[in-house]
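Those protein sequences? They're chains A and B, same order as listed.
Going by numbering that gives the first Met the number 0, the residue at position 249 of the first sequence is 248; the numbering climbs one at a time, nothing skipped.
Going by numbering that gives the first Met the number 0, the residue at position 287 of the second sequence is 286; the numbering climbs one at a time, nothing skipped.
Just so you know, the hints here were simulated from the structure itself, not pulled from any lab data.
Computed from a predicted structure; not experimentally measured.
Positions of the beta carbon are idealized from the N, C-alpha and C atoms, including for glycine.
Keep in mind that a hint or two might mislead.
Below 27 Å or equal to it, Euclidean Cα-Cα: the simulated DSS-like pairs (lysine-lysine) are [what the hints assert, rightly or not]:
#, chain 1, residue 1, chain 2, residue 2
1, A, K280, A, K295
2, B, K295, B, K310
3, B, K55, B, K310
4, B, K55, B, K280
5, B, K295, B, K280
6, A, K295, B, K310
7, B, K310, A, K310
8, B, K295, A, K310
9, A, K295, A, K55
Simulated DEER-style distance windows between Cβ atoms [to be verified]:
#, chain 1, residue 1, chain 2, residue 2, range
10, A, H85, B, R318, 43 to 49 Å
11, B, Q278, A, R223, 36 to 42 Å
12, A, Q311, B, A332, 23 to 29 Å
13, B, Q278, A, A284, 56 to 62 Å
14, A, D274, B, T267, 57 to 63 Å
15, B, A14, A, A312, 42 to 48 Å
Protein chains: 2
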Amino acid sequence: MPPAKTPVTVDALLADDGPPQRRAIAKAITLLESTRADHRAQADELLTALLPHTGKSFRLGISGVPGVGKSTFIETLGLFLIGQGHRVAVLTIDPSSTVSGGSILGDKTRMEHLSVHERAYIRPSPSSGTLGGVAEKTREAMLVCEAAGYDIVIVETVGVGQSETAVSGMTDMFVLLQLPNAGDDLQAIKKGVMELADLVVINKADIDKDAATRAQAQITSALRLFGHHGNPAHAQAIHAAHATPGSPEAEVRFWLPRVIQLSALLGTGVDAFWDAVLQFKSLQAANGRFASRREKQALAWMWERIDAGLKQAFRQHPRVRELLPQAVAQVAAGRLPASTAARQLLAAQAGQA
Amino acid sequence: MPPAKTPVTVDALLADDGPPQRRAIAKAITLLESTRADHRAQADELLTALLPHTGKSFRLGISGVPGVGKSTFIETLGLFLIGQGHRVAVLTIDPSSTVSGGSILGDKTRMEHLSVHERAYIRPSPSSGTLGGVAEKTREAMLVCEAAGYDIVIVETVGVGQSETAVSGMTDMFVLLQLPNAGDDLQAIKKGVMELADLVVINKADIDKDAATRAQAQITSALRLFGHHGNPAHAQAIHAAHATPGSPEAEVRFWLPRVIQLSALLGTGVDAFWDAVLQFKSLQAANGRFASRREKQALAWMWERIDAGLKQAFRQHPRVRELLPQAVAQVAAGRLPASTAARQLLAAQAGQA
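One chain only, chain A, in its complex shape (with noise of 0.2 Å):
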């Protein structure tokens, strides 16, 4: 889609009135991807004129490995929240579409009854760039969601790369959809996913509930070991478990990461889930985690953002793209020191080599 010849308003991003509104957002994401110099210049005027009318949503994170089901689960819970008064945009992070050039969840068949629904919006994942610029326009694209009122804005991977950690960086709690066999929890693990989950869902529950019930416990005892490890946050909350009542360590609780079971497709467990998450959200805002997560997420998405830019920068320098050939080929032939190299690339970008 070309982005929009006419300006996108705040006005009718704001104006909840059904169509032009949807059309108004479809534009302003646009917008957001368009890789144009004065698009981007648009696009950053417009981001900080709706500031003021976003952060009101809750942000929550959906990762799992293909076949996990997660359209199925975000299907259903979109329309029992839906069904409960709120709005829901739902956002995707594909980082195999930028190769592809379009993403392999773009379709909305997946979701069928929640792509038509009036109450929802879906936008699938951004098809070119880094995953450091697709996540970028993600969260550019929450930003317009919220502005626009939908109140619960989901964010999904497809679990691929480091997608995981780019979507728990932008959002309130990230929940781990797994299998009901011991297989996949290891894989979660081994990439180091498991300890962004606030909330492991078992999904299809229903096909097998022993096993279920099994890798349920075994998750739960992995979560305590790698959570007591590497957590500080899980060892407080250890702590303040065992602090004397009344004493202020008591006082301040802690969300402990949990493991519950469910059947997206019977629709069983959405309503136990939907609960767990509205305790999460009442403890992280009583104990000033929701704020102060937010606060880190901004702060480190404009340190990488200022990364991306520098290499960027760098790379298109005149002087370094005339030297680098010849270091990068002398660096591989070990005739040139790689420190060396990096401060001669680094002395010409600054105009002095």
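Given the coordinates of chain A, work out where chain B should sit on it, guided by the hints.
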């Protein structure tokens, strides 16, 4: 130790003349570790002059959690190698030394026989800078030791933070020491260290032979599991192993990570360990991975130093230093989109704002 007043000559480093050469090595490494710009220029000059004399050693990385027996292992191995006619350098990467201001492993009494041997050179971790900076100094010190004729360079890490990745990124072979119990292999898997290992050594096998054998079986299957899923080289090796005999695929042979037991304290199994290292080395030479790994490492090192340099220049830019505090405050407070702040700061550095 302050940097040397008289310059280090390449000749002094190349001449294997006992104590004077040792002093030249120490002076050269001290020069490399200096942060003064003129020292850095001298160091770059020295490194470039040394480079044709480097690269001929075998670079062996050794990691493992505190208490696994790294010092005893390195002492036993070092003396074994000296007995075979080698000269052995031992360098350490200890990120905690940048906090404490001195390496906790600096005490040479750790390896009391090896440290006083005239055919061994032991240098503790550089004690300032980021992990990237410490790793850079160690890589450069490695080049000095190679030029000085040490044909085995052991780079040891204390297994803290990302130091294992740094060590595996500068060595020809990465060895992980484990204790004969099942607990710490899960930690190694979680931290992604297991998949870096070319060889896993279960040390202290004398204490409980049964436990060591169980651990060996467990880690072997863990290596297979994670190797198969995560490591293309592993998949390729398995593919080659199943190829039709005589076909081109069957001719190219790859190393499959393996697990051995030994007791560094009793000195049993060190010869079998070294046999495994030599098998690895000849296989890597035959299939071209020895050279390609070094090439990749050199280029990765160059880019890492460029990234670090770009970040430093950004943070030190006067206009950035002026604008950064307010940008950080506004982003943290949710009054400025993070991506907009990033673009504004980058423009400020580029002189456009």
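Verification of the supplied hints:
Note on K280 of chain A and K295 of chain A: the hinted pairing holds, with a Cα-Cα distance of about 17 Å set against a maximum of 27 Å. The straight-line distance between the Cα atoms of K295 of chain B and K310 of chain B is roughly 23 Å, inside the 27 Å bound, and the hint therefore holds. The suggested pairing of K55 of chain B with K310 of chain B is violated, with an alpha-carbon distance near 34 Å, which exceeds 27 Å. In summary, the hint linking K55 of chain B to K280 of chain B is supported, as the alpha carbons are separated by about 13 Å, within the 27 Å threshold.
A C-alpha spacing of about 17 Å is found between K295 of chain B and K280 of chain B, which places the hinted pair at or below 27 Å, so the restraint holds. With a C-alpha separation of about 19 Å, the suggested pair K295 of chain A and K310 of chain B falls inside the 27 Å cut-off, and the hint holds. Taking the CA atoms of K310 of chain B and K310 of chain A, the gap is about 9 Å. The hint holds against a cut of 27 Å. With a C-alpha separation of about 19 Å, the suggested pairing of K295 of chain B with K310 of chain A holds against the 27 Å cut-off.
Between K295 of chain A and K55 of chain A the CA atoms are separated by roughly 17 Å; this keeps the pair inside 27 Å, and the hint holds. Between H85 of chain A and R318 of chain B the CB atoms are about 44 Å apart, so this pair conforms to the stated range of 43 to 49 Å. A hinted range of 36 to 42 Å holds for the C-beta pair Q278 of chain B and R223 of chain A, which are about 40 Å apart. A hinted range of 23 to 29 Å for the beta carbons of Q311 of chain A and A332 of chain B is consistent with their spacing of about 28 Å.
As the Cβ distance of Q278 of chain B to A284 of chain A is approximately 59 Å, the hint placing it in 56 to 62 Å holds. Restraint check, D274 of chain A to T267 of chain B: a C-beta distance of roughly 58 Å satisfies the suggested window 57 to 63 Å. Range check, A14 of chain B to A312 of chain A: about 46 Å between beta-carbon atoms, so the 42 to 48 Å window is met.
The structure does not agree with numbered hint 3 stated previously, though it agrees with all others.
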